[in-house]
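Participant: The primary structure of each chain is shown beneath.
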Amino acid sequence: MGLFADKYPDVSYEEKLRLWDEVKADARFPDYLYGCYECGICVSACPSARFYDFSPRKIAQAAAREDIELIYEQMNDDVWNCSQCFSCNRCPRQNSPGGVITVLREVAVNNGLKSAAQALEGYSRIVYKIMGTGTQVSPDMLQPDAFPDWGPQVKQVSDELDLWRRALPPETLHTTKASWQVDERTLIELYLIWYNTGVMDMIANVDEGLNLILSDVMEEMLEEAGYEI
Amino acid sequence: MNVRVAVQPETERRFDRNAEDPRSEDFHDHLFALEEEGELVVQRVPEPFIEVMTKYGRTKKIPLDQTWHHKSCGQCGHIPGYSTSIIWIVRKLGYDYLDPTDQTSCTAWNYYASATSNAPAQAAVAHRNFAAAYETGYYPLIHCGTSYGHYKETREEIMHHAELRKQVREVMGKLGKPLVIPEEIVHYSEYIHAARNMIAERQVFDFSDIGVCIHPACHYYKLVEEDAIYDEDIYGGQRTATVTGVVTALGAEVRDYSTFFDCCGFGFRHILVSRDFTRSFATLRKIEVMKEEADPDVVISHDTGCVTTLDKSQYATGVAHGANVGVPVMSDSQFSALAMGAHPYRICQLHWHSTEYRPLLEKMGIDHEKAWAEFQQDLEDLKSGKKDYLTWEDIEN
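In the order they appear, the protein sequences are chains W and A.
Using our numbering, you'd call the opening residue of the first sequence number 5 and step up by one each time.
Using our numbering, you'd call the opening residue of the second sequence number 280 and step up by one each time.
It should be emphasised that the hints constitute simulated quantities derived from the structure, not laboratory data.
Since the model is a prediction, treat every value here as computed from it, not as a measurement.
Keep in mind that a hint or two might mislead.
Straight-line C-alpha distance at most 25 Å; calculated SDA-like pairs for lysine to any residue [to be verified]:
hint, chain 1, residue 1, chain 2, residue 2
1, A, Lys570, W, Ser48
2, A, Lys666, W, Gln160
3, A, Lys662, W, Leu167
4, W, Lys181, A, Gln655
5, W, Lys181, W, Gln157
6, W, Lys28, A, His630
7, W, Lys181, A, Arg625
8, A, Lys665, W, Ser162
9, W, Lys159, A, His630
10, A, Lys453, W, Lys28
11, W, Lys159, A, Asp660
12, A, Lys662, W, Leu196
13, W, Lys28, W, Ile45
14, A, Lys666, W, Asp166
15, A, Lys662, W, Gln185
16, W, Lys159, A, Leu661
17, A, Lys456, W, Glu224
18, A, Lys456, W, Asp187
19, W, Lys181, A, Gly664
20, W, Lys159, A, Ser559
21, A, Lys445, W, Arg32
22, W, Lys159, A, Ala650
23, A, Lys456, W, Gln160
24, W, Lys28, W, Ala68
25, A, Lys456, W, Asp57
26, A, Lys665, W, Arg169
27, A, Lys456, W, Lys159
28, A, Lys665, A, Gln655
29, A, Lys662, A, Lys642
30, A, Lys666, W, Val161
31, W, Lys181, A, Gly317
32, A, Lys665, W, Thr176
33, A, Lys371, W, Gln185
34, A, Lys649, W, Ser48
35, W, Lys28, A, His439
36, W, Lys159, A, Lys445
37, A, Lys649, W, Arg32
38, W, Lys181, A, Asp381
39, W, Lys181, A, Ala650
Just chain A, with the same shape it has in the complex (with noise of 0.2 Å):
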């Protein structure tokens, strides 16, 4: 692999992968014993795929073709732009894939805020969703932090505990479904730092000089930890690598401030009806120290809550607090499909981000007066019944 190394980390001090640390054991040798048993079937990833290393040093497979996007409630719903720039990167590297209508959310974004489920819904849930991606031969992608980081849970879950697995079996009997776990759970972040070389293989646009903050998503490495992907040659191997390593590759400028490893404040139930708590977090603990100790020009993240909540949350502070924010913020996937020379409207859709964007897109070099003209036309397509809707042919022709 060809990255540059991000940012170097301050001590000198390794992470010691210690094959006798119970943390580096590989859980597939107990998924592997109960699909022997009957208890269970595991979908393997297709080839091809890229294997990574993981935070205690175990190789995860990463697949590129065949697969099956497995959507975010508020990338969707709320920032579409996101979810949007995550198929329109497969389709350009010319890979497979299904958008399913089989699919319905985890549900976790609720059981986090409101706890009005129990573990055998979500199991259960997460396992309606497997066997729909099984039953199609395509393999999950994640698009949600929150997703990926629950089915991770799910999946400890279902493995340890018998009655729990005997329960959800019995539920998903009633639906006609078998009891299926992914080999792998995979998050669309860990896509696209597998396939970063590949993104940067088709870069139009030269990022040096634009500087950038991440934001990793807290979901994504803090729960059930074993299974995020850490590289020796991206901060020594001491914090996650997705996002810095597409970001690095892309040729952009990781700047480091000292709240990486705050969370950005969503909270769940916060985000939806306390907002004053999701605000200040966010504002105070890390859009105005990464504009303090960092001034990027841009943040990027890889869940939906923590772009929704660092982009959003800025309006407020600044117009009532005269807080110090200003920054845009969009996903991993927005920034390679820029990068790639996606539409910065009709496939990123910034225009569904509240903080101002322009002037990056001036700064990558990308003629944003232009693309809102054409946007524009495509509206009035629309408004005139000569389209229904904009369409993949629409915009790759």
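Chain W extracted, bound-state conformation (with noise of 0.2 Å):
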């Protein structure tokens, strides 16, 4: 049992502990945690420890002390306040909780959790436009209603977009769909990653739409181009 109430008796221990044991199989765990000196150094560094309650020292220490019912708690509660600016790296102990973050996150996402699924919400748009065009923030997404906090000069460059964009001097940023000029071949290429890495499955896993989608716009080029899926 761990120190603290455990927040979701419904979830079994087996189920956690399957979880968990999928975070410790991730190559790149063992470099990522040596221990806890709990000095509290990662917190006071962290960004997000000042906006939220969330601490990655806890996360550093429920992690080295595999307390299994907190570690599920924290990979549906906090993990996605996490701002994964790695500022937490300057631990004296050589952790990284930020990365422990990461392969909670992807464990979260891995097995369809459904707070991941929430944490995801309103996401859908992003996912679709790295995966499918290969750059991540379009310029049409400079949108007025999408962005008012920036002020009045969102919608100027949403009114001037297409005139905007061909007054700049590189060729490969003649674009208004995508950050920059993509070949399809690079596309393609790019696709073919997704499906051999296994991260088609994991975009079904949170948004099966998504993936009906994202699979529609890849299946059909990568056909067209030879590739069997």
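Build the complex: two chains, separate frames, hints provided.
Facilitator: Quick look at the structure:
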């Protein structure tokens, strides 16, 4: 038993243990955690700790103690608050709590945890952009209703987008739907990477609809290029 | 090097670079051994290069010529004067380069935001881009701080995990490409740092009245920290020298502030879907602190996310909360280009930035009204069909 009350008693200990074993099986994990001095240097450097009820030290401690219940709770309630800046890498024990969180998140997505799906709600368009076009934030995403807090200048960019993009000297930047011009052959190679490394399955675990849309786009292009999926 | 000491550290303490420290080990010994065993190919840094010191004392080669510009999603998509300025500087220095279309994003912004990927996929994306550069004979110059940080991570993983190496080599085989690693992972700001005296020699505006706060990018110097550039003459070698080196070489005044080491608040997923956190952090921990402690004319950074976050977060906090904001933010490439006489709109594309920058241009001695009128004429030429695009030749002739 861990030091804290189990927040997820409906999930069996065996299931929580299975997920934790998946975290530990990641080849990177031994490089991310060596123990914990409990000094709190990671917390003092952490931006998320200042604005959320979040602590990279608790993440490192729970992992070092193998506190299965607390780790499961963190996998659901905490890991998506991390900024992934890796300020916590200044740990004198050479831990990387941010790296541990990367793996915890990955296991959460891989296993289709409801909390992971919720954390990624509203994020589907970004995943679609990066996996489908090979670039993440396209110029046409700069819409005033999407970024009202960025000021009136966003509307000006949006209104003038096509013209302003043509006024960029690098010829690779005359795009509005992708950050730069990416060759079709390059995209095909990217799609092959997604299919050959299990990423499409990960997407299906958290967002079946997105997986279907991406599959349509990618499979058509791959089939035209002579690849069978 | 003629770099003026930027900011004197408050302490006499020095960071001893000890050859016995395991962190000072040179990863190249391992990398070249893997190459000898036929596990991978190492793309060598082409000549001419400049040698600089890294955090634990290792020397790093920074290539000047034949660079393959690995572009950044956020720079190209939302602040395109950032990448345009990088390429313009390379052109002005007279070096050859390639702006490829056979390049994808590193996809790390998405990975750190959503975890909808995994180590083999991330390494394969990195190595596909490395192989694409290798096939051209040009050397990768990484524009994005996160790409730079993530590629260093994947390099470490590929070097130390044989099973991952095998898996990625098989994927690369399906693409018909070799497993290639560049001898050094080089960030564009390292190029600017290494070339700072050449840049300063071409300076046409006096920046001695310009007060600058510097924000160093987390993924530049906190991820695989041993690759970042340090210099005994800058901060006594206790902070990364990148950015501060060029700002100082251009004669501007670097002003210190107490939250120098804090991140910007970008957060990867937060900037897109939880911006209340990003705005709060950028304002309360960075911009307001800079204003109160240093009152800079401009904030200079060297990464996509940092420039975006620190610039775009100021509007809402200023208008809605009356926060003490209102400092223009740009990259070291834009700052350097302006010093060299780059057009503020045709090259630096400052009209894509949110925070008011015109008073800064006036203080720099740049006639922004004349420049804007020239740019408007360019837009008229595009609208009328006189030109399809604004080209390098249009600007340079």
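Participant: Run every hint past the structure and note whether it holds.
Facilitator: Status of each hint after checking the structure:
| no. | hint | result |
| --- | --- | --- |
| 1 | A:Lys570 <-> W:Ser48 | holds (22 Å) |
| 2 | A:Lys666 <-> W:Gln160 | holds (22 Å) |
| 3 | A:Lys662 <-> W:Leu167 | holds (7 Å) |
| 4 | W:Lys181 <-> A:Gln655 | holds (24 Å) |
| 5 | W:Lys181 <-> W:Gln157 | holds (19 Å) |
| 6 | W:Lys28 <-> A:His630 | violated (48 Å) |
| 7 | W:Lys181 <-> A:Arg625 | holds (21 Å) |
| 8 | A:Lys665 <-> W:Ser162 | holds (23 Å) |
| 9 | W:Lys159 <-> A:His630 | holds (12 Å) |
| 10 | A:Lys453 <-> W:Lys28 | violated (29 Å) |
| 11 | W:Lys159 <-> A:Asp660 | holds (22 Å) |
| 12 | A:Lys662 <-> W:Leu196 | violated (40 Å) |
| 13 | W:Lys28 <-> W:Ile45 | holds (24 Å) |
| 14 | A:Lys666 <-> W:Asp166 | holds (14 Å) |
| 15 | A:Lys662 <-> W:Gln185 | holds (22 Å) |
| 16 | W:Lys159 <-> A:Leu661 | holds (20 Å) |
| 17 | A:Lys456 <-> W:Glu224 | holds (23 Å) |
| 18 | A:Lys456 <-> W:Asp187 | holds (16 Å) |
| 19 | W:Lys181 <-> A:Gly664 | holds (22 Å) |
| 20 | W:Lys159 <-> A:Ser559 | holds (23 Å) |
| 21 | A:Lys445 <-> W:Arg32 | holds (15 Å) |
| 22 | W:Lys159 <-> A:Ala650 | holds (22 Å) |
| 23 | A:Lys456 <-> W:Gln160 | violated (43 Å) |
| 24 | W:Lys28 <-> W:Ala68 | holds (11 Å) |
| 25 | A:Lys456 <-> W:Asp57 | violated (46 Å) |
| 26 | A:Lys665 <-> W:Arg169 | holds (16 Å) |
| 27 | A:Lys456 <-> W:Lys159 | violated (43 Å) |
| 28 | A:Lys665 <-> A:Gln655 | holds (14 Å) |
| 29 | A:Lys662 <-> A:Lys642 | violated (32 Å) |
| 30 | A:Lys666 <-> W:Val161 | holds (20 Å) |
| 31 | W:Lys181 <-> A:Gly317 | violated (41 Å) |
| 32 | A:Lys665 <-> W:Thr176 | holds (20 Å) |
| 33 | A:Lys371 <-> W:Gln185 | holds (24 Å) |
| 34 | A:Lys649 <-> W:Ser48 | violated (48 Å) |
| 35 | W:Lys28 <-> A:His439 | holds (17 Å) |
| 36 | W:Lys159 <-> A:Lys445 | violated (48 Å) |
| 37 | A:Lys649 <-> W:Arg32 | violated (55 Å) |
| 38 | W:Lys181 <-> A:Asp381 | holds (17 Å) |
| 39 | W:Lys181 <-> A:Ala650 | violated (28 Å) |
Of the numbered hints given earlier, the model fails hints 6, 10, 12, 23, 25, 27, 29, 31, 34, 36, 37 and 39; all others are met.
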